[in-house]
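K.L.:
Got chain A; can you put chains B and C on it based on the hints?
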Amino acid sequence: MRNIGAFSSVARIWGLVVILLGSGLSFTEPVSAQAPQSEARDEVTLIRGATILTVTRGRIENGSILIRGGKIAAVGRNITAPPGAKVIEATGKYIMPGIIDCHSHIAIDGGVNEGTLAVTSMVRIEDVLNPTDINIYRDLAGGVTTANILHGSANPIGGLNAVIKLRWGKTAREMLFEGAMPGIKFALGENPKRSNFTPPPGTPRRYPATRLGVEYVIREAFTQARNYMRQWEEYERRRKAGENVVPPRRDLKLEPLVEILQGKRLVHAHAYRADEILMLIRLAEEFGFKIATFQHVLEGYKVAREIAAHGAGASTFSDWWAYKVEAYDAIPYNGALMARRGVIVSFNSDSAELARRLNLEAAKAMKYGGLSEDEALALITINPAKQLRIDHRVGSIEVGKDADLVIYSGHPLSVYSIVEKVFIDGQLYFDREADLARRAELQKEKEALKARERSDERRGGPRGRPPENP
Amino acid sequence: MRKAIGLILIWGLLSALSPWSARAQSGEVYAITNARIVPITRPVIERGTIVIRGGKIAAVGQNVSIPAGARVINARGMWVYPGFIDSGTTIGLTEIGQVPATVDVNELGDFNPQLRAITAVHPASEIIPVTRVNGITTVLTTPRGGILSGQAALINLDGWTWEEMLVKAPVGIYFNFPSIVAGRFFDPETFQPRERSFQEARRQRDERLQRVRQLLEDARAYAKAKKAAETSVPEGNATGDGDLHPFLINPVLESLVPVVEGALPLIVAANEERDIKAAVEFAEEQKVKIILSGGLEAPRVAQLLKEKNIPVLFGPVLSLPRREDDPYDSVFTAPKQLFEAGVKFAFLTNDAANVRNLPYHAAMAVAFGLPREEALKALTIYPAEIFGVADRLGSIEVGKIANLVVWDGDPLEIRSQVRHLFINGKPVPLTSKHTQLYERYRNRP
Amino acid sequence: MLSLWGGVLLLGGMISGRLGFGQTPAVYAIKDARIVTVTGPTIPKGTVVFRDGIITAVGENVPIPPDARVIDGSGLTVYPGLFDTQTDMGLPTAPPAVGARPGAWAAPSAPAQPQPPPLPHTQPEWLAARHLQIEGQRFENVRGAGITNVLVIPSRGIFIGQSAVINTAGDTPQRAVVKSPVALHIGFTPVGGGLGGRFPGSLMGVFAHIRQTLLDAQRYGQHWELYQRDPRGLPRPEYTESLEALQPVLRGERPVIFHVNSESEIRRAIHLAEEFHLKFILSGAIEGYKAVDILREKRVPLLVSVNFPERPRDADPEADEPLRILRLRAEAPQNPARLHQAGVKFAFHSGGLSHARDYIRNVARAVRAGLPEDVAVRALTIHAAEILGVAEQLGSIEVGKIANLVITDGNLFDERTRITHLFIDGRPIELRPSEPERPSAPAPPILVTGTWNLTVESPQGTVPVTAHLRQEADRLSGVVTSPFGQSNISEGSVSGDQVRFTLSVEIQGTSVLVTFAGRVEGDRMSGMVTAEGMGSFPFSGTRPRG
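Protein chains in written order, with our numbering: chain A, -16 to 453; chain B, 2 to 446; chain C, 44 to 589.
Just chain A, with the same shape it has in the complex (with noise of 0.2 angstroms):
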């Protein structure tokens, strides 16, 4: 860790002074919770006095985290304030690293599934991010800092996933996490077969309808993809020899499933039972790439061996089951039996709910199978960060990382702590004082908005006719 070095007494006093972040900011977004202001990247900051959790680096008592342009510049026990810093006096609280959740379906307008078709690898979550949806307000507020949005589990091969941080107040394009592989959904079992799903009479049913179907699709769409691959490759031949030739025509369809075959694009299974999962990986196995995740994955005890010889990861619950008949084997102690073997696994939210207190399903993981403090943690932190190949950026509390921090009131694997502070990039993206704060003049506002609506109306303003619903 380094060290600031000595500095003046005057600039100590200087870093004595406690200036809370983010009271009562920026108003120009229209957003009932309000996002933080100041852009200022060379900022410095300081928090100091904490019970640092690294995850990777083990637990630093009584420690400081130094913040410089939206990085970790220090972590250890003794770092000055350099002058102008921002101090935040942190004695008594935790920081752990910003919680990722490898399975969110916020922020998506205007559906979740494209689910009329089985193949549907061009449809992208990032056209339809929703940078005003309360939930990612809702789910910062729980500690999460960085998210894998993903497509719904409609369609065997589903779309385009996109990785964003919380970024509250951004738009859609800032919230991107910048340079994070990209991937892509898939889906097995009993939701892309339709099995719990009764169409409208006169409606045909979507093929497949069987398990045998869903692997159909999946063999079928990557053939496709490798026959795409040599049509491509046969007109660069040609044209590069002169000839005159059409290009074949670009299918966005396949584009992906090729970068998929390259190893560019990571594969998000969604699986239950322990047939589907090792049919995936024998499929993958076959066309040449590796599953990135498996997610769900309740039955991922059964075949912890073969997800680990394989190498993919495994993003599950904590402990929910029994909701579905694919669900009925699962059990808590999921995790801990595939970890014990190798897999690196995640605990994922899959529910803006769930995603607010994913520190506490983390706990869980101690509760049944026995892990340790630091292995629960990593399920929410590193773990979840390499599956999203970002764990070089994020994940841990390690100098040159983003500093995406979470300060909590006491220890985050117990039930009794809150969130009272999260940084995105070193910006103060939450902050419950300041939320407390504010919550009386945002009534305020409304309750003055909603008056001078009503006796507009009561003198008689022009009324159109409200505009279209899209």
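It is worth saying that the hints were derived from the structure and are not from the lab.
Among the hints, a few may not be true.
[What the hints assert, rightly or not] Here are the in silico distance ranges between beta carbons for each label pair: (1) C:E534 with B:V399: 56 to 66 angstroms; (2) B:K225 with C:H511: 15 to 25 angstroms; (3) B:F186 with C:G83: 47 to 57 angstroms; (4) B:H246 with C:Q503: 42 to 52 angstroms; (5) A:H394 with B:N251: 55 to 65 angstroms; (6) B:R204 with A:G185: 38 to 48 angstroms; (7) A:F180 with B:R72: 27 to 37 angstroms; (8) A:P187 with B:R212: 35 to 45 angstroms.
[As the list claims (entries may be wrong)] Here are the simulated lysine-lysine pairs, BS3-like style, with alpha carbons at most 30 angstroms apart: (9) C:K341 with C:K388; (10) B:K427 with B:K278; (11) B:K57 with B:K4; (12) B:K169 with B:K225; (13) B:K309 with B:K345; (14) B:K288 with B:K57; (15) A:K427 with B:K278; (16) B:K434 with B:K228; (17) B:K337 with A:K429; (18) A:K153 with A:K69; (19) A:K307 with B:K225; (20) B:K57 with A:K433; (21) A:K427 with B:K337; (22) A:K273 with A:K247; (23) A:K273 with A:K307; (24) C:K222 with C:K341; (25) A:K153 with C:K341; (26) B:K345 with B:K278; (27) A:K429 with B:K278; (28) A:K54 with A:K433; (29) A:K153 with A:K307; (30) B:K307 with A:K429; (31) A:K247 with A:K54; (32) B:K307 with A:K427; (33) A:K153 with C:K222; (34) C:K322 with C:K88; (35) B:K278 with B:K337; (36) B:K4 with B:K169; (37) C:K222 with A:K273; (38) B:K337 with B:K309.
Where is the CB? At the ideal position from N, CA and C, for every residue including glycine.
P.N.:
Only chains B and C this time, still in chain A's reference frame:
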């Protein structure tokens, strides 16, 4: 004679040697010793003993003598709490949500107050062992279909049959209070999106409520006729017209008689402020007793609930705020607000498979301001009082049913484990489908 | 209030909503009026002369031709005719007919799976000018509000079609067209639907569809180009109308107009347009003020809707509307002012406001909310003409331009001002008092009373059903006869064009509750009938006339 004695001796030997079966006879005596005891209604006993006999708590205290022949459980370093009570579940009535054959929660039709949930509780549901091994020993299980869904039952999570599980039924009649739902909705019959105006939505709600009124009116008339029939003298008839007027039993109205007589409450499921207010008004008007279930927006109506002494089965605490502008922690802080307003409440999960997480709903309320002691009461004595079984459950007191859980830590903390479990004074094994699958697959080579 | 009475010019007895062409020369001079030229200084007292529909002179002291009909403009103001830059008036209300291009993505090969039918709303080749009617109350109302030119296109769809600028009056629809096509319109309506419907059923599906179609169009262009250069050895390209229609768009010769309103929608459209280097305009832009950064940076011209969001009339009075929505409603009228302050160029459109008067009224609201009045006038005239590419002909009072003029007795945005004269193509238009138009969305109350011959499609075959229905306000009663017998309707209602009625039927000894729920259009009814415990089946039928 010698043969007889020999036989007796052999019989005695065999009995003494027979392995202690997990389900021991209720005549057995147990003693839990060296434990920190949390009776709930009395101060914590730092180091004490509990004696269980005949399914009941026979003694609790610091210096309690252990009866001879008692099976002793040394609970040194551990805590003993009463079993927790979940005040709203569908345990026993559902197994796998997506498989209709396993789900008995919603009957057809709007008015089924006569349906008895207890008769359909499936004692072999895998959900039962999974739930009790995390310290929940008693649940209220309710049907949920239509408007008047049926009769709720309070059950212990152990027993060979539902009769053995039964604590009390009916505890109340579940009533899905009709809501005004205006705006765009998806019509399942035409598979088209439709728009429902506020006027139309309110009219529909009023119609539904009117039908409930009518039913209660009929029940009152029925009760009166029944009473008259019971007290009338059997010689001749009062009308003197030669016709017979025997009193004919109507099971639907029969089930509502205790409701209109104020002896059986309606368990009213309502979450929205407007619905809760309307439900309270309705109860006043109809002179019936109600218990509010769900009540997520109850803090907005806390004054009224306190005034009318209406208890709330609150939850699930682990829910998203209902309104976009609600503070992000609005449901987490609701129990504290109810407590501060003097409203009596208990916790519910409104679940089946995830009832085991009940303590963590309570824990979240504590994290956001509810005093821990209140949270514990809302898991134990308060629901017992609300359901009228406080003489039997809800605390560790002599004479009550021995539903006791021995924890190795604070039960509200996730990491804590249950070490011993007693329901109806019998030790219950800490195994479930989950522990069995765990053992099996952990041993896969 | 802009009066829709006012002076009616009956010259030559030829005016009754239909303009005749006689031998009489059409030369007019409006003198001594205040003339708002828009592109030049306002002339406090001057004359404008126009002949055969073209302005021949404008100025303070302009000679009046001897054959001119002179209108005394003292106390009056002459404006260029106003624009409404997006409306579906004059176009068929049914969605455009299905396009010829098959769906881009078929279901995976399963022997039983039929080829899906062509996708609706994939028809860039659809020309509004071809489907135009220019008569009706709506046109009367629009003219009565001083609007002489509109851009016509349906508002919803994906590749909606190509719009046209038209005059709001003309002998024939063809004569009314000023420019066609103006632009290709792209919307983001998921026309498919749900888990059983057709692609695209989600918003992201719409984006994928647009993207793939544009790629296909690029390839199409490339293929034809290669083929035309040297066909030898190449497969012959197919002639596909829709891809053909996209070529000028890809070349940047024809702009795309995206129908977007929220900030997210605005940003998404801009990013999509940039992917294909399209020339584009955004239409709607109610939340434009939230995206001024990118609008200014990319210099995106806007057609701004003034259909400011209002609190829905028959909504739940106790509904807790989010602060986000309340703020939007309070801020929306400030949108034009804030766009102007940010230097964004825009014109106005009515955004589907059902009454033409409300269009100008809402522009006046924008003025009260801070938009300078002269900018408002420009947004109704010259900016509209410039953005839509008809600035050489319309949008200002200049020599050589078309004589589309609106004359008022006061400030355009004053409630009390009346329109006194309207000229389109240099011809006077009779202004009738406005009558309530049949609003295009909420249908007139349907009449359900009568005898309906219905058939139910059940798995056992078609079942004939006769329903004698009696409607009183929104309640429905009557008798239903079927092979199972005759039953009275126990409960029935009518709401909008939806009907619903319930009855009890004896089927094999059991009393079954049967509910019909459907839609009535004239004498046709269709929907679903649900028999309790037995399922739902489609039904349809007619009510014979007479």
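K.L.:
Run every hint past the structure and note whether it holds.
P.N.:
Hints and how they fare:
Between E534 of chain C and V399 of chain B the C-beta distance comes to about 58 angstroms, which sits within the given range of 56 to 66 angstroms. Taking 15 to 25 angstroms as the suggested C-beta distance range, the pair K225 of chain B and H511 of chain C does not conform, at roughly 42 angstroms. Evaluation of the 47 to 57 angstroms hint for F186 of chain B and G83 of chain C yields a pass: the beta carbon distance comes to about 56 angstroms. The hinted window of 42 to 52 angstroms between H246 of chain B and Q503 of chain C holds, with their beta carbons roughly 46 angstroms apart.
The hint said 55 to 65 angstroms for the Cβ distance between H394 of chain A and N251 of chain B, and at roughly 60 angstroms that hint holds. Evaluation of the 38 to 48 angstroms hint for R204 of chain B and G185 of chain A yields a failure: the beta carbon distance comes to about 31 angstroms. Range check, F180 of chain A to R72 of chain B: Cβ separation about 52 angstroms, and the 27 to 37 angstroms hint is violated. Take P187 of chain A and R212 of chain B: their Cβ atoms lie about 40 angstroms apart, and the range 35 to 45 angstroms holds.
Proposed proximity of K341 of chain C and K388 of chain C is supported: the alpha carbons are some 11 angstroms apart, at most 30 angstroms. Taking the CA atoms of K427 of chain B and K278 of chain B, the gap is about 44 angstroms. The hint is violated against a cut of 30 angstroms. A distance of roughly 40 angstroms separates the Cα atoms of K57 of chain B and K4 of chain B; the hinted pair therefore is violated under the 30 angstroms criterion. Taking the CA atoms of K169 of chain B and K225 of chain B, the gap is near 26 angstroms; set against the 30 angstroms cutoff, the hint holds.
Using a Cα cut-off of 30 angstroms, the hinted pair K309 of chain B and K345 of chain B holds, with the two alpha carbons roughly 11 angstroms apart. The straight-line distance between the Cα atoms of K288 of chain B and K57 of chain B is roughly 37 angstroms, outside the 30 angstroms bound, and the hint therefore fails. With a C-alpha separation of about 24 angstroms, the suggested pairing of K427 of chain A with K278 of chain B holds against the 30 angstroms cut-off. Taken as a hint, the K434 of chain B and K228 of chain B pair is broken in the structure, with Cα atoms around 51 angstroms apart against an allowance of 30 angstroms.
Between K337 of chain B and K429 of chain A the CA atoms are separated by roughly 25 angstroms; this keeps the pair inside 30 angstroms, and the hint holds. Our distance criterion of 30 angstroms between C-alpha atoms is met by K153 of chain A and K69 of chain A, whose separation comes to about 23 angstroms. Distance restraint check for K307 of chain A and K225 of chain B: the Cα-Cα separation of roughly 48 angstroms exceeds the 30 angstroms cut-off, and the hinted pair is therefore not satisfied. With a CA separation close to 59 angstroms, the supplied pair K57 of chain B and K433 of chain A exceeds the 30 angstroms bound.
The hinted pair formed by K427 of chain A and K337 of chain B meets the criterion: a straight-line CA distance of about 24 angstroms does not exceed 30 angstroms. With a C-alpha separation of about 11 angstroms, the suggested pair K273 of chain A and K247 of chain A falls inside the 30 angstroms cut-off, and the hint holds. This hinted pair checks out: K273 of chain A and K307 of chain A have alpha carbons roughly 27 angstroms apart, not beyond 30 angstroms. A threshold of 30 angstroms between alpha carbons decides the hint, and for K222 of chain C with K341 of chain C the separation of about 26 angstroms falls inside it, so the pair holds.
A C-alpha spacing of about 19 angstroms is found between K153 of chain A and K341 of chain C, which places the hinted pair at or below 30 angstroms, so the restraint holds. Among the hinted pairs, K345 of chain B with K278 of chain B is consistent with the structure: their alpha-carbon atoms are about 17 angstroms apart, no more than 30 angstroms. Among the hinted pairs, K429 of chain A with K278 of chain B is consistent with the structure: their alpha-carbon atoms are about 23 angstroms apart, no more than 30 angstroms. Between K54 of chain A and K433 of chain A the CA atoms are separated by roughly 43 angstroms; this puts the pair beyond 30 angstroms, and the hint is violated.
The straight-line distance between the Cα atoms of K153 of chain A and K307 of chain A is roughly 38 angstroms, outside the 30 angstroms bound, and the hint therefore fails. A distance of roughly 28 angstroms separates the Cα atoms of K307 of chain B and K429 of chain A; the hinted pair therefore holds under the 30 angstroms criterion. Distance restraint check for K247 of chain A and K54 of chain A: the Cα-Cα separation of roughly 27 angstroms lies within the 30 angstroms cut-off, and the hinted pair is therefore satisfied. Only pairs whose Cα atoms come within 30 angstroms are accepted, and K307 of chain B paired with K427 of chain A is accepted, the gap being roughly 27 angstroms.
For the proposed pair K153 of chain A and K222 of chain C, the alpha carbon gap of about 41 angstroms is over 30 angstroms, so the pair is violated. A threshold of 30 angstroms between alpha carbons decides the hint, and for K322 of chain C with K88 of chain C the separation of about 41 angstroms lies outside it, so the pair is violated. Restraint check for K278 of chain B and K337 of chain B: satisfied, since their Cα atoms lie roughly 20 angstroms apart, inside the 30 angstroms limit. Taken as a hint, the K4 of chain B and K169 of chain B pair is broken in the structure, with Cα atoms around 49 angstroms apart against an allowance of 30 angstroms.
Using a Cα cut-off of 30 angstroms, the hinted pair K222 of chain C and K273 of chain A is violated, with the two alpha carbons roughly 56 angstroms apart. Annotation: proposed proximity of K337 of chain B to K309 of chain B holds, straight-line Cα distance about 19 angstroms (limit 30 angstroms).
In this structure, the hints that do not hold are numbers 2, 6, 7, 10, 11, 14, 16, 19, 20, 28, 29, 33, 34, 36, 37, in rising order.
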